[in-house]
Structure formats: structure tokens, C-alpha cells
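Enquirer: The numbering of the sequence shown is the working numbering, which starts it at 7 and goes up by one.
One thing to keep in mind: the hints can contain errors.
[Claimed, not checked] Cβ-Cβ distance ranges computed for the label pairs, FRET-style:
(1) Val288 x Val196: 21 to 29 Å
(2) Tyr125 x Arg226: 43 to 51 Å
(3) Val57 x Val197: 49 to 57 Å
(4) Val197 x Glu280: 39 to 47 Å
(5) Arg32 x Lys152: 24 to 32 Å
(6) Val61 x Arg119: 41 to 49 Å
(7) Ala212 x Leu114: 41 to 49 Å
(8) Val129 x Val206: 48 to 56 Å
(9) Met7 x Arg284: 29 to 37 Å
Hints in this document: simulated from the structure, not taken from any laboratory.
Every value quoted in this text rests on a predicted model; they were computed, and no experiment measured them.
No residue lacks a Cβ here, since even glycine has one placed at the ideal position from N, Cα and C.
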Amino acid sequence: MLAASVAFLGALVYGSADFLGGLAARRLRPLLVTAVAAFSGLLVLAVAFPVLGGVWRAEDVAWGAASGIAGAVAVGLLYACLAIGPMSVLSPLTAVVSAVAPMLWGLLVEGERLAPIGYVGLVVAVVAIVLVAFLPGERITRPSLKAVVMAVGSGVAIGAFLVLLDRTSADSGVVPLLVNRAVAGTIASVVVLGAVAVAVRRGRAAASVLTSAENSSPARRAWLLAVVCGCVDATANLLLVIALRSGGDLAVISALTALYPAGTVLLAAIVLREHIARVQSVGLALALTAGVLLAVS
């Protein structure tokens, strides 16, 4: 029950990080936000390391590095597919795959078993993910095969991130997360610097690939949002690891973690006064129901 509760809380925190990152990406380029958030989160984990500790082992460092690569791939594919659209279809598709992939790994590969109410909770969670992330419109555009493949790839990469972290030893503490952040931040930074170099070579200003010309809001605020996003996301990572180390089944943790759109939707409604569609309200209610079912299973 503790593991499920922590995972559900972590999902809400992940959603909060996505909300902050989304605001920052309105002014800064998404990859720049990713790089800044990765390193600010790394700082948070470095501060937490003396308190939470962790044993440095080659295998845990390797798992952490692999999860960092998976995370970088997931973000890159996610941004790429959402840029093609439609978001209303691709976003929930990514979320569902990110839940189902590690869920199947846990049940079929690691041999996890749940009580009957647990399986009901998993189904309710998947339905909740679709409804919460779904953005209804007058017409739904059919996504291209390329966009669908990238969305599925992003979901699988997110699932791989969860599976890889689950492979780390119990006494590794925050070590895998430190390595994860360092690797993900390095990859994002290399891509950003490469884009800047190409832009300069073509006679364009470096700012053209770092900031959005479509938004004139102060860049300083966006930088601050990106930094805070990384700190919040690192906190969610810590909650995820705590849930996995508390004896939680990977299938349950992955399903609950994939409910992260609930946090984003709630903050958008509270802070930005965005309207919550009826279908999303149903999804939020089902998300809470799934959390309870999985917590008591």
C-alpha cells in the first residue's frame, strides 16, 4: 500500500513538472528546457545524496546510464511526434504504452502476481490515462504512421526507463538517478549545442534555436521555470525509486506513474484557468479510483 501511494503521489509530481516544463517551452526551445531541467535536477539529487546515500556499483551505474539514454530518447520522440500531431491522439497513446510496456514486463517476464482487485485497478488505470490525456475537439485528425510509430517508441522508452531503474539494487540509493540525470543532460546539451553550431554556420543567430520567436514573454521567467521543472522532476524520480524499493510491483508502479497527466491537467485548470472537459473529469475520478484499488491490492 505504501509503494502504491508513493507512486500515485509521484505521478502527480511528474505532472506538475510537465506543467512547468510546458510553460517554459512556450518561450524556450523544448530541448533547451530538457537540458536545463536535467542539470537542475542533478543538483537537487547531488544535495540529497549525503542524506539519502547510496552505494556506487558498476552495475547500478550502468543501469542508471541506460535509463538516462532511454529518458533522452523518450523526450526526443515525444516532442517530435507532438510537433506533427494531433496531440489529442498521440499524447494518450504515449501514456498508455508507457504504462503497458513495463506492466507486461513485470507480469510476463518477472512473474509478478496481483490480487484480482489489482488487475481491475490496472484496467481502470489504463482507461483513466486515456481519458485524462485526451483533448476533445470538434474533429479528430488521424495521425500519420510516422507520428504513431514515434509515439509508441516514446512510450516504450519511458517504459524502459522504469524497467531499468527497477533493476538497480536496493542499497544503490540515488546513485542511478545521479547517473541518469548526468547522461540525459549531456545528451540534450550536445543536441542543443549542435543545433546552435548549425544555425551559426548558416548565418542565423544562436537565439533563433534557443528561444521561440512566437512568444515575447521574458526569457528570464522561462529559464526559472525550466530550473524549477528540473527540481520538481527530480523529486518525482526520488518518489518513483522509493516506490520501487518499497516492494511495489513494477506493473502497479508503472500504471500509477503513467497517471501523470492528471497533475498537469489539474494545475492547468487551477493556475491557467483552463477548462477541464467532461471526459477528463471522468478520467480524474477513475485515476483516483485506480489509485485506491492498486493501493489495497
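Enquirer: So, for every hint listed, does it hold in this structure?
Expert: Results of checking the hints against the structure:
no.: 1; hint: Val288 x Val196: 21 to 29 Å; verdict: violated (42 Å)
no.: 2; hint: Tyr125 x Arg226: 43 to 51 Å; verdict: holds (49 Å)
no.: 3; hint: Val57 x Val197: 49 to 57 Å; verdict: violated (32 Å)
no.: 4; hint: Val197 x Glu280: 39 to 47 Å; verdict: violated (30 Å)
no.: 5; hint: Arg32 x Lys152: 24 to 32 Å; verdict: holds (25 Å)
no.: 6; hint: Val61 x Arg119: 41 to 49 Å; verdict: violated (30 Å)
no.: 7; hint: Ala212 x Leu114: 41 to 49 Å; verdict: holds (48 Å)
no.: 8; hint: Val129 x Val206: 48 to 56 Å; verdict: holds (52 Å)
no.: 9; hint: Met7 x Arg284: 29 to 37 Å; verdict: holds (31 Å)
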